[in-house]
Amino acid sequence: MSTNDSATSPTPAPAKKTASKRAQPKSARRRSRELALQGLYQWLITGDDVATIDAHMREQEDFDKADRSHFDALLNGCILEAADLDAVLARHVDRKTTELSPIEHGVLMIGAYELKHCIDIPYKVAINEAVELAKSFGGTDGHKYVNGVLDRSATDLRPREVAAVPKRKV
18 MSTNDSATSP TPAPAKKTAS KRAQPKSARR RSRELALQGL YQWLITGDDV ATIDAHMREQ
78 EDFDKADRSH FDALLNGCIL EAADLDAVLA RHVDRKTTEL SPIEHGVLMI GAYELKHCID
138 IPYKVAINEA VELAKSFGGT DGHKYVNGVL DRSATDLRPR EVAAVPKRKV
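Taken in order, the sequence shown gives residues 18 to 187; the numbers are from this note's numbering.
Just so you know, these hints were derived from the structure itself, not from any lab.
Don't take each hint at face value.
[Stated by the list, open to error] Beta-carbon label-pair distances, calculated as ranges: (1) K186 to T157: 28 to 34 Å; (2) K82 to G165: 19 to 25 Å; (3) K43 to E178: 23 to 29 Å; (4) V179 to V67: 19 to 25 Å; (5) F80 to K184: 21 to 27 Å; (6) K184 to E76: 44 to 50 Å; (7) D66 to D101: 15 to 21 Å; (8) K113 to S86: 30 to 36 Å.
[What the hints assert, rightly or not] Taking lysine-lysine and the DSSO-like style, the derived pairs with C-alpha atoms no more than 30 Å apart in a straight line are: (9) K43 to K186; (10) K184 to K133; (11) K152 to K184; (12) K161 to K186; (13) K43 to K82; (14) K186 to K82; (15) K161 to K184; (16) K133 to K82; (17) K113 to K133; (18) K152 to K141; (19) K133 to K152; (20) K161 to K113; (21) K152 to K113; (22) K141 to K161; (23) K152 to K43; (24) K186 to K133; (25) K186 to K113; (26) K43 to K133; (27) K184 to K82; (28) K141 to K113; (29) K152 to K186; (30) K82 to K141; (31) K184 to K141; (32) K161 to K43; (33) K82 to K113.
Keep in mind it's a predicted model, so treat the numbers as computed, not measured.
Using N, Cα and C, we set each Cβ at its ideal position, and we do this for glycine too.
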């Protein structure tokens with residue numbers, strides 16, 4: 018038999034698939050969420066005032082690529098409304114919000130803030146963006162926790178929008 022005979026030659030392993038999509042550059046809004054999360058983390062850990070944190074975040078090299086108005090809304094809004102956001106989240110978490118990891122807590126605050134105030138962002142997009150933050154910055158399964166908490170919080174914060182989405186059959 019020849020070396021080209023498929024009966025005796027092992028089947029070559031399929032070539033590794035390359036990503037069908039090239040890595041997309043981060044959107045300005047995603048960068049603003051990442052920077053706001055870093056600022057919230059600093060606030061949750063140190064308790065620094067918002068002006069100090071804001072000044073520090075604006076010094077970051079990729080700040081110029083962020084949506085500045087969205088960053089301002091997220092960082093300032095989450096800190097100013099921390100008690101209200103925690104009250105919304107407390108109905109859907111399995112422990113006190115002060116016992117959450119600072120990353121999960123910050124991600125949940127950003128997600129809850131966007132659900133509450135950024136009506137131009139569909140609720141599923143707000144949840145997905147928070148999940149992506151948790152995947153990038155959080156613990157191994159933190160994104161699953163974030164998804165569940167924000168999905169339940171959406172029913173409180175955007176009841177009509179959630180009700181309008183057809184339920185998937187299981």
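Decide if the proposed pair is consistent with the structure: K133 and K152, CA atoms, cutoff 30 Å inclusive.
holds (22 Å)
Pairwise hint evaluation, K43 against K152, where the allowed Cα distance is 30 Å at most
holds (15 Å)
For a C-alpha distance cap of 30 Å, please report whether K161 and K43 respect it.
holds (22 Å)
Has the given pair, K152 with K113, been kept, meaning a C-alpha gap of at most 30 Å?
holds (22 Å)
Has the given pair, K161 with K113, been kept, meaning a C-alpha gap of at most 30 Å?
holds (18 Å)
Confirm or reject the claim that F80 and K184 have a C-beta distance inside 21 to 27 Å.
At roughly 41 Å between Cβ atoms, K184 and F80 fall outside 21 to 27 Å, so the hint is violated.
Between K184 and K133, does the CA-CA distance stay at or below 30 Å?
holds (22 Å)
Starting from K43, check that the Cα of K186 is at most 30 Å away, please.
Given pair K43, K186 is violated - Cα atoms ~33 Å apart, limit 30 Å.
If you check the beta carbons of K43 and E178, does the distance land in 23 to 29 Å?
holds (26 Å)
Take the C-alpha atoms of K141 and K161, compute the straight-line distance between them, and say whether it is at most 30 Å.
Given that 30 Å is the threshold and the Cα spacing comes to 14 Å, the pair holds.
Would the pair K161 and K184 pass a check requiring their Cα atoms to be no farther apart than 30 Å?
Roughly 20 Å separates the two Cα atoms, so the pair holds.
What's the verdict on K152 and K141, does the C-alpha distance respect the 30 Å limit or exceed it?
It holds: about 16 Å lies between the C-alpha atoms, which stays within 30 Å.
Hints 2, 4, 5, 9, 14, 25, 27, 33, counting from the list given before, are not met by this structure.
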